[in-house]
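Could you fit the two chains together into a complex? Lean on the hints.
These protein sequence lines map, in sequence, to chains A and B. Note that the first sequence covers residues 309 to 561 in this note's numbering. Note that the second sequence covers residues 35 to 140 in this note's numbering.
Possibly wrong hints are sitting among the right ones.
Said to hold, decoys possible - Label-pair restraints from in silico Cβ distances: (1) Gln472/A with Lys44/B: 53 to 59 Å; (2) Arg374/A with Glu91/B: 46 to 52 Å; (3) Ile75/B with Glu341/A: 23 to 29 Å; (4) Asp126/B with Cys414/A: 37 to 43 Å; (5) Glu330/A with Arg67/B: 52 to 58 Å; (6) Arg37/B with Thr386/A: 22 to 28 Å; (7) Leu93/B with Pro457/A: 45 to 51 Å; (8) Val385/A with Met35/B: 28 to 34 Å; (9) Glu91/B with Gly490/A: 40 to 46 Å; (10) Ala73/B with Pro457/A: 21 to 27 Å; (11) Asp534/A with Pro76/B: 30 to 36 Å; (12) Thr74/B with Glu508/A: 20 to 26 Å; (13) Ala370/A with Pro43/B: 47 to 53 Å.
Stated by the list, open to error - Chain B side only, calculated, beta carbon under 7 Å to chain A, not exhaustive: (14) Lys44; (15) Gln45; (16) Lys55; (17) Phe83.
Just so you know, these hints were derived from the structure itself, not from any lab. The beta carbon of each residue, even a glycine, is placed where N, CA and C say it ideally should be.
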Amino acid sequence: MIRRHALAILPLLLASAGWAGEKHSGYQDASPETRAMQDDDAANPAFLWVEQGQALWAQRPAGAGRSCADCHGAASVTMRGVAARYPVYDARLGRPVTLDQRIEQCRVDHQRAAPLPPEGDALLSLAAYVGLQSRGMPVQVSIDGPVRPFFEAGKALFTMRQGQLNLSCSQCHDGLAGQRLGGSVIPQGHPNGYPEYRLEWQGLGSLDRRIRNCLVGVRAEPFAPDAPELASLELYLGWRANGLPVETPAVRP
Amino acid sequence: MVRVLTNVPKQAKRGEPFDVKLLISHPMESGQRRDAMGATIPRSIINSFVCTYNGQEVLRADLFPAIAANPFFSFAVVAQESGMLAMTFTDDNGIVQTETVSVAVE
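With the rest of the complex left out, here is chain B (with noise of 0.2 Å):
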């Protein structure tokens, strides 16, 4: 499991922006440096982004090796219907994480 950090208000105005944002804790090896010994340190980075409201898709993001370790997204929304926001990341060795919050819209 990769520490995620999730911020969303929890209660939004319909037909407002909100704001979310989202901070991944991953080391986002370039592929570009080498260890000790000179071996090139293989590249691991989270390649891709997607964002679903309600099943419908809000946003998608494909990362790049030049972005930091600890990637922080912030964007916004419009509020629609009280529901679920999945943010699912998918990583170079594989790994695929969802992480799901709640919205309440009044």
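If we strip away everything but chain A, and leave its shape as in the complex, we get (with noise of 0.2 Å):
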């Protein structure tokens, strides 16, 4: 058992050895040329999305009587904050929600509309709008109430070992973050920059789809998208980044 114990805090102590411990956000890991694309609207090709979104908050879709502004106003401002707050409780299904799961829920009950299709550019495009309003703000995850449960399923599911290659999502990111894995630094996968351009995808895409890269990566079979494991593990991992910048729409390797 004192063997198990010690055995488990080794990778901590590996981890310590390079940043100390402290949060570090995966911008600091990319290239110069990958943070000097994000630094600069004008060069961030996530921003052909956000001009999107804008152009989506204002238009009421096909059958649907109203907008998301005509309800929410100008997104600068209503929307100013939320992202940095999301998974969310939701009392009313009692479970947490996700950003992009809130925007397709008020699409179907408020605007009466067809949901969008999931990872398809419409919602990343609102996520994106939506997103970039926190841009700056600290990440504020709650866990307190009635959503501490989710939140220790998610810490579960985040420490559990999976897929062939028989590895946790936390012997990565918590025991070897700043480590190499072939030539790329492996980081500590905060969520700050969701949706976010990726240049592996030469496009934009959502934290599911990250994590579903994830657990092909290690060969576990992943998620459905609509699983409640995925938004237990995003409000654990939203808690993790706690304090870390909102980089909405962030640009990754």
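Next up, the structure:
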């Protein structure tokens, strides 16, 4: 038993040798060229989506009586700081919802329009536009109250070994962050820039997609797009990133 | 319509260079990839880009398949007279689109 504990502590010691346990955005691990892309809104390709999101915000979907702006007004005012708090607990559903799920919910319940295709350009655009309004503000995901059990579930998922490679998220992103996997630095895995433009994807993608990527990487079966595990894991990741600035829409390698 | 973001200063000083930035939403499909069935995905890239300043050509570029999706152009133009910058690009599917931006020179 003691020996098992000693082994569990080992990766933590390795990590402390690197960044001394400080929170560290993926931005700091990116190359100077990638950081320059993110720093300049004119060069950040994610702004192609942001522009589309801005148009969608004001546009009434087919068959719907109102646009996002008809209820929420100017996003720069009403959406400021919103993305920094997500995922949040939804009392009616009794579970945490992510920002993407909230946008879909709003669309179906209040606009009475057809849901947007998951991971599609329209949904990503709206999420990027809403997320942008919180840029620079610290992530502050709450885990108090009824959302606590979901947080615990997310934490358990983060430390659970998965897949044919039998790795947990924590082993790399807590234990080995700052070291290298092949040619790339292993980031701490903070979700403070989503939806983000990945050079690897040559497009904008959500945190769901990134997690799917990671799971496929350890040869585990990815969660279904609407799986409750995904929201729990995103809640844990959000809490883990608390205090880091929102960088949406970030650029990553 | 291809989505394009242009970034040009509203004011420029005569005789001095100013930066022109342009981001084009385009898949830049190289023609080297295959789909799930093994069939080649046809090449679809922006193959040429021309920028004119009051009708005079100031930049011409040929693009090749190794350029990533959503290409970004950044170049400098020397301000001479107030007027129009017209940026035209052509892609393999025959789409020709022109973005115009006005520049005020003082």
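**Message:** Assuming the hint says 46 to 52 Å, is it satisfied by the Cβ distance from Arg374/A to Glu91/B or not?
**Reply:** Distance hint for Arg374/A, Glu91/B holds at roughly 47 Å.
**Item:** Supplied distance hint 40 to 46 Å, evaluated on CB atoms of Glu91/B and Gly490/A
**Value:** holds, 45 Å
**Asked** Hey, does the Lys55/B contact hint survive, CB to chain A under 7 Å?
**Response** Holds: closest Cβ of chain A sits about 4 Å from Lys55/B, inside 7 Å.
**Prompt:** Should the interface hint for Lys44/B be scored as holding, given a Cβ-Cβ cut-off of 7 Å against chain A?
**Reply:** With Cβ-Cβ at 14 Å, over 7 Å, it is violated.
**Request:** For Asp534/A and Pro76/B, compare the CB-CB distance with the range 30 to 36 Å and indicate the outcome.
**Result:** Given range 30 to 36 Å: holds, Cβ gap about 35 Å.
**Prompt:** Does 37 to 43 Å hold as the CB distance between Asp126/B and Cys414/A, or does it fail?
**Reply:** This hint holds: roughly 39 Å between Cβ atoms.
**Asked** Range hint 28 to 34 Å: satisfied by the CB atoms of Val385/A and Met35/B?
**Response** Taking Cβ atoms as reference, Val385/A and Met35/B lie about 30 Å apart, which means the hint holds.
**Message:** For the hint 23 to 29 Å, verify it against the beta carbon of Ile75/B and that of Glu341/A.
**Reply:** This hint holds: roughly 27 Å between Cβ atoms.
**Prompt:** Range hint 20 to 26 Å: satisfied by the CB atoms of Thr74/B and Glu508/A?
**Reply:** With Cβ atoms ~22 Å apart, the hint holds.
**Request:** Return holds or violated for the Cβ distance of Gln472/A and Lys44/B against the range 53 to 59 Å.
**Result:** Since Gln472/A and Lys44/B have Cβ atoms about 57 Å apart, the given range 53 to 59 Å holds.
**Asked** Between Arg37/B and Thr386/A, does the beta-carbon spacing fit 22 to 28 Å?
**Response** holds, 25 Å
**Prompt:** Glu330/A and Arg67/B, beta-carbon distance inside 52 to 58 Å?
**Reply:** With a Cβ separation near 40 Å, Glu330/A and Arg67/B fall outside 52 to 58 Å, so the hint is violated.
Of the numbered hints listed earlier, those contradicted by the structure are 5, 7, 10, 13, 14, 15 and 17.
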